[in-house]
Amino acid sequence: MSELHISDSVLSEAKLLICVGTGGVGKTTTSAALALRAAALGRRTLVLTIDPAKRLANAMGLESLGNEARPVELGSLAARGGSLAAMMLDAQRTFDELIIRTAGVHAERILKNRIYRIMVDQFAGTQEYMSLERLYDLYERGGYDLIVLDTPPSKNTLDFFDAPRKTAGLFDEQVMRWFVPNSGSESGFFQKLFNPGAAVLKLLSTIGGDKFVAELGEFFEALRVVRAEFKVRGDRVHEILRDGRTHYVVVASPDPRRVDEACYVWDRLAGTRMQIWMMVLNRSHDQFGAAGAAALARPEVAASLGPERLAHVSRAYGALASLGLRDRAGIDLLMSKAGTTPVLTVPAKGRDIHTLEELLSMTDHLFGPLTST
Amino acid sequence: MLKGLLQRKLLFVTGKGGVGKTTLVAALGLLAARQGKRVLLCELDTDPSLRRIFSVPVIGFETARLADNLYACNLVAADCMRAFVGRVVPSRRIADAIVGNRIVGIFFESAPSVMEAVILDQIAERVTQEKPGYDLVIIDLPASGHAIKLLRVARSMAEMVSIGELAKRLREVDALFTDPARAGLVLVTLPEEMPVNETLELAANLKSAVKTAIVGVVCNGLRHLEVEAADTEAASAALGDASASGAPELLEALELARYWTEQEREQLARLRTELSIPLFDTPFVFSKASDRDLVDQVAARLLEQA
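Chains as they are written, first to last, in the working numbering: chain A, 1 to 373; chain B, 1 to 306.
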């Protein structure tokens with residue numbers, strides 16, 4: 001059983017915490033809990049999340065979350081001068097606002113372009129890209145000491161870090177040149193010899209018709225306007241993600257399948273400039289083992305329960321103890337993977353989180369109780 | 001009930017991440033294959049879990065054999081693109097030059113919906129191919145949100161592209177996906193509040209945004225511990241001193257079991273009353289089972305609900 005606690009000093013020092021992990025392991029709850037702890041430590045904190053359970057919004061005293069930061073009423077937890085705000089990412093609106101801000105007179109035309117609309121609505125990378133876009137603004141001029149970012153769930157959790165590169169492809173100078181002849185410098189000799197753009201345009205027109213190509217052309221031309229701005233932001237975000245005061249929290253669970261996923265996330269982050277602070281394993285059953293079984297085997301307990309109920313209760317405990325065994329194996333494996341990086345567990349709870357106190361108590365498993373000094 | 005699912009030609013399986021989609025895909029595939037159908041399972045550009053379940057070395061664009069009558073492939077967008085361009089452009093050399101070009105690669109990877117469209121094209125290709133033909137193709141879709149986006153691509157691209165090879169193809173794909181006799185969606189969930197909320201929301205969104213019929217809901221991971229409040233109270237009384245060695249662990253475990261029991265009843269009831277779609281349940285496996293054992297246990301339970 002890992003009963004180890006670590007110091008919460010990173011919460012007092014970091015400017016950005018990024019929670020990464022696959023869906024369904026309590027990433028949003030972990031992000032909110034860490035943000036709340038930081039606020040209780042006296043920091044002006046923002047948690048930027050995507051699609052939280054309504055219950056969680058309610059636990060933070062909010063009816064719902066929107067694309068604007070909403071202050072969370074902390075009561076006595078604000079005693080050290082900290083504050084907490086929560087915001088939910090609306091990728092579509094964030095993208096539209098960005099276009100309106102950067103494209104000037106062209107904004108309306110971009111917003112109306114059907115290919116643009118499909119992109120903001122359906123492009124798989126939009127959510128990842130926009131959470132970074134939102135992050136950029138808030139980091140630079142939000143007035144927060146600490147931002148906790150809950151990354152979007154995706155089939156591959158690290159798509160997130162590829163989003164700037166992927167979207168940057170939209171602004172590739174050579175691609176633009178196919179559609180917008182005057183968008184770059186003169187074509188070189190080799191480009192005249194084999195112009196992939198011409199071949200692709202011909203192909204697109206065969207498979208999609210001229211109208212489709214015309215609309216694509218308009219889309220790329222429109223994007224050219226905002227390109228410079230995107231490039232600057234993309235580069236800056238790249239730096240922010242690797243800054244010395246940016247820390248990563250890998251969120252997982254000791255379930256064997258989740259352990260495989262966590263190892264994969266770990267391997268992708270390890271060896272980059274991104275610093276992993278800790279690994280948090282939620283929904284752990286590692287506390288269930290021999291001690292509980294021994295309590296059940298005490299003669300006075302057996303006598304008091306009676307044979308029928310004893311059998312029933314023993315079966316249930318046996319099932320949980322086998323989960324305990326499984327989880328301890330998963331934790332051991334992740335601990336050997338993590339080396340000197342702390343691996344901490346949060347036990348599975350027989351209830352949902354309804355209040356700030358319950359949210360805060362989750363962090364007790366990581367750092368011990370908040371001291372009153 | 002199960003017969004209704006397996007008689008279609010194309011099944012999509014989706015749900016929140018980590019609810020057991022791939023296990024269900026494998027279990028449905030095994031059941032159909034045992035009935036004598038030729039079955040193809042498709043993963044979409046994921047770390048191939050089917051490979052691990054069936055212990056086969058590689059599952060790629062070309063189909064791999066998993067068991068009698070059961071095959072699998074992993075559709076990666078770049079391969080689907082190559083296949084699509086290969087059909088449209090007569091010359092193999094020109095097709096290769098286009099697909100292999102770096103800049104073209106950047107364009108297709110970043111241009112909205114193109115990758116999704118070629119994956120859908122390839123799915124339709126596999127469903128309609130004749131030699132060797134499949135009686136049933138099961139698609140392991142990405143998690144809920146991404147699944148809706150993927151399924152909507154055919155329709156929204158068709159609105160934009162009105163003539164040409166792609167338009168024709170998108171209309172065929174849309175016709176196949178929205179034909180309730182041929183295609184259906186299966187939603188996978190867990191007996192917990194959040195996943196069920198998401199499933200109800202997904203069902204509503206699918207009804208309005210995607211015209212594919214939802215033909216089944218599978219609630220996976222039922223623990224069946226049946227611990228009642230009376231059991232936890234009796235244990236608490238029997239232990240006396242609640243801080244004695246082992247007592248906190250025991251009481252915590254029983255409280256968790258009681259909560260699961262309550263949730264299982266409540267969430268199954270919600271799924272039953274709020275969706276009028278055939279509902280299946282499959283078990284949680286406590287013992288340290290291999291991925292394949294898990295699939296067999298899920299398949300056995302599905303068969304009981306046939």
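In short, the hints are calculated from the structure, not lab data.
Keep in mind it's a predicted model, so treat the numbers as computed, not measured.
We put the CB at the ideal spot given by N, CA and C, even for glycine.
Please note that the accuracy of each hint is not assured.
Claimed, not checked - Covered stretches of chain B (in silico footprint by chain A; criterion: 3 or more residues with CB under 8 Å from a CB of chain A, positions within the stretch not fixed):
{"#": "1", "segment": "13 to 20"}
{"#": "2", "segment": "164 to 175"}
{"#": "3", "segment": "226 to 240"}
{"#": "4", "segment": "245 to 256"}
{"#": "5", "segment": "265 to 278"}
Said to hold, decoys possible - List of simulated lysine-lysine pairs, DSS-like, C-alpha gap at most 30 Å:
{"#": "6", "chain 1": "A", "residue 1": "K349", "chain 2": "A", "residue 2": "K337"}
{"#": "7", "chain 1": "A", "residue 1": "K54", "chain 2": "B", "residue 2": "K207"}
{"#": "8", "chain 1": "A", "residue 1": "K349", "chain 2": "A", "residue 2": "K54"}
{"#": "9", "chain 1": "B", "residue 1": "K211", "chain 2": "A", "residue 2": "K54"}
{"#": "10", "chain 1": "A", "residue 1": "K211", "chain 2": "B", "residue 2": "K288"}
{"#": "11", "chain 1": "B", "residue 1": "K288", "chain 2": "A", "residue 2": "K349"}
{"#": "12", "chain 1": "B", "residue 1": "K168", "chain 2": "A", "residue 2": "K112"}
{"#": "13", "chain 1": "B", "residue 1": "K168", "chain 2": "A", "residue 2": "K211"}
Here is how each hint holds up against the structure:
no., hint, verdict
1, 13 to 20, "holds (count 4)"
2, 164 to 175, "holds (count 4)"
3, 226 to 240, "holds (count 9)"
4, 245 to 256, "holds (count 10)"
5, 265 to 278, "violated (count 0)"
6, K349/A with K337/A, "holds, 26 Å"
7, K54/A with K207/B, "holds, 22 Å"
8, K349/A with K54/A, "holds, 18 Å"
9, K211/B with K54/A, "holds, 27 Å"
10, K211/A with K288/B, "violated, 58 Å"
11, K288/B with K349/A, "holds, 22 Å"
12, K168/B with K112/A, "holds, 26 Å"
13, K168/B with K211/A, "holds, 15 Å"
Hint check: violations occur at hints 5, 10; the rest are consistent with the structure.
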